[in-house]
Amino acid sequence: EAGVAQSPRYKIIEKRQSVAFWCNPISGHATLYWYQQILGQGPKLLIQFQNNGVVDDSQLPKDRFSAERLKGVDSTLKIQPAKLEDSAVYLCASSHGQGAGQPQHFGDGTRLSIL
Amino acid sequence: AQKITQTQPGMFVQEKEAVTLDCTYDTSDPSYGLFWYKQPSSGEMIFLIYQGSYDQQNATEGRYSLNFQKARKSANLVISASQLGDSAMYFCAMREGRNKAAGNKLTFGGGTRVLVKP
Numbered sequence: 001e002a003g004v005a006q007s008p009r010y011k012i013i014e015k016r017q018s019v020a021f022w023c024n025p026i027s028g029h030a031t032l033y034w035y036q037q038i039l040g041q042g043p044k045l046l047i048q049f050q051n052n053g054v055v056d057d058s059q060l061p062k063d064r065f066s067a068e069r070l071k072g073v074d075s076t077l078k079i080q081p082a083k084l085e086d087s088a089v090y091l092c093a094s095s096h097g098q099g100a101g102q103p104q105h106f107g108d109g110t111r112l113s114i115l
Numbered sequence: 001a002q003k004i005t006q007t008q009p010g011m012f013v014q015e016k017e018a019v020t021l022d023c024t025y026d027t028s029d030p031s032y033g034l035f036w037y038k039q040p041s042s043g044e045m046i047f048l049i050y051q052g053s054y055d056q057q058n059a060t061e062g063r064y065s066l067n068f069q070k071a072r073k074s075a076n077l078v079i080s081a082s083q084l085g086d087s088a089m090y091f092c093a094m095r096e097g098r099n100k101a102a103g104n105k106l107t108f109g110g111g112t113r114v115l116v117k118p
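Quick note, the sequences are listed as chains A and Z, same order. Using the working numbering, the letters of the first sequence correspond one by one to residues 1 to 115. Using the working numbering, the letters of the second sequence correspond one by one to residues 1 to 118.
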């Protein structure tokens, strides 16, 4: 089966600009996650969708970050305006459900650099 | 308090030898799951192995095994017969089960970098 697809692979922008990332989960996976991974750290959950509804966005900086999954399939994550501390890898993951042992499958990530 | 602690920032291991990566966790939830992921330099996170809090036996998956010591709240990953391709970052992660509203959010540790020497 095809894995989680993310684009772009790399993005360089200046601070205060806006940027958007796209994710297409594994076919049939109802749950989609966006993680932020700062260099040298483990990933941190930003937002979780179940179909097109938000399950958890408690760690999403809502003054600048937004995400949507309108049709319950692919998703976009936007940052506007970007700050220097947003430099990180943004990982999208999906899982078949929310069962106990359901692993999350990750995409290759988008590496964002803020100048 | 850190929910997931990986105390080894980096390790060298000789090819064909075994290596143990430490992971301790903190939760008051009786229902939880522990996951290990591998992240090569290319960046993708690869799922390796899962252990549920109620599982009676330690999980195994090929060359990967999990040394689960519930009373000590530790879930160490053992990689046997190391290969050059095992060089990567390894992350331990926990999913807590009681808070249904939180779905199955994973909380990750800081990772351990493993370098396999030929």
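Calculated directly from the structure, the hints in this document are not laboratory data. Predicted model only: the values in this text are computed from it and were never measured. Cβ atoms here follow ideal geometry from the backbone N, Cα and C, with glycine treated the same way. Mixed in with the good hints there might be a few duds.
[To be verified] Which chain Z residues stay away from chain A? Per the calculated CB distances, all over 12 Å, these:
no., residue
1, Ser42
2, Ser65
3, Arg72
[Said to hold, decoys possible] With a cut-off of at most 25 Å between alpha-carbon atoms, the simulated SDA-like pairs for lysine to any residue come out as follows:
no., chain 1, residue 1, chain 2, residue 2
4, Z, Lys3, A, Lys78
5, A, Lys44, Z, Ser87
6, A, Lys44, Z, Gln57
7, A, Lys83, A, Lys71
[Stated by the list, open to error] Okay, the calculated beta carbon distance ranges per label pair:
no., chain 1, residue 1, chain 2, residue 2, range
8, A, Ser113, Z, Pro9, 19 to 25 Å
9, Z, Ser31, A, Gln59, 20 to 26 Å
10, Z, Pro30, A, Pro81, 28 to 34 Å
11, A, Gly101, Z, Val78, 25 to 31 Å
12, Z, Gln56, A, Trp22, 40 to 46 Å
13, A, Trp22, Z, Gly85, 26 to 32 Å
Verification of the hints:
1. With a closest Cβ-Cβ approach of about 7 Å to chain A, Ser42 of chain Z is found to fall inside the 12 Å limit, against its non-interface label.
2. No Cβ of chain A comes within 12 Å of the Cβ of Ser65 of chain Z; the nearest lies about 16 Å off, and the non-interface call holds.
3. Separation of Arg72 of chain Z from chain A is adequate, the least Cβ-Cβ distance of about 21 Å exceeding the 12 Å criterion.
4. With a C-alpha separation of about 28 Å, the suggested pair Lys3 of chain Z and Lys78 of chain A falls outside the 25 Å cut-off, and the hint is violated.
5. Distance restraint check for Lys44 of chain A and Ser87 of chain Z: the Cα-Cα separation of roughly 23 Å lies within the 25 Å cut-off, and the hinted pair is therefore satisfied.
6. Under the criterion of a C-alpha separation no larger than 25 Å, the hint pairing Lys44 of chain A with Gln57 of chain Z is inconsistent with the structure, at around 29 Å.
7. A hinted pair counts as satisfied when its Cα atoms are at most 25 Å apart, and Lys83 of chain A with Lys71 of chain A does not qualify at roughly 29 Å.
8. A hinted range of 19 to 25 Å for the beta carbons of Ser113 of chain A and Pro9 of chain Z is consistent with their spacing of about 24 Å.
9. As the Cβ distance of Ser31 of chain Z to Gln59 of chain A is approximately 22 Å, the hint placing it in 20 to 26 Å holds.
10. Pro30 of chain Z and Pro81 of chain A have their C-beta atoms about 44 Å apart, which leaves the hinted 28 to 34 Å range violated.
11. Checked against the hint of 25 to 31 Å, the C-beta distance between Gly101 of chain A and Val78 of chain Z comes to roughly 19 Å, which is inconsistent with it.
12. Remark: the range hint 40 to 46 Å for Gln56 of chain Z to Trp22 of chain A is upheld by a beta-carbon distance near 42 Å.
13. At about 30 Å, the CB distance of Trp22 of chain A to Gly85 of chain Z agrees with the hint of 26 to 32 Å.
When each numbered hint is compared with the structure, violations occur for hints 1, 4, 6, 7, 10 and 11.
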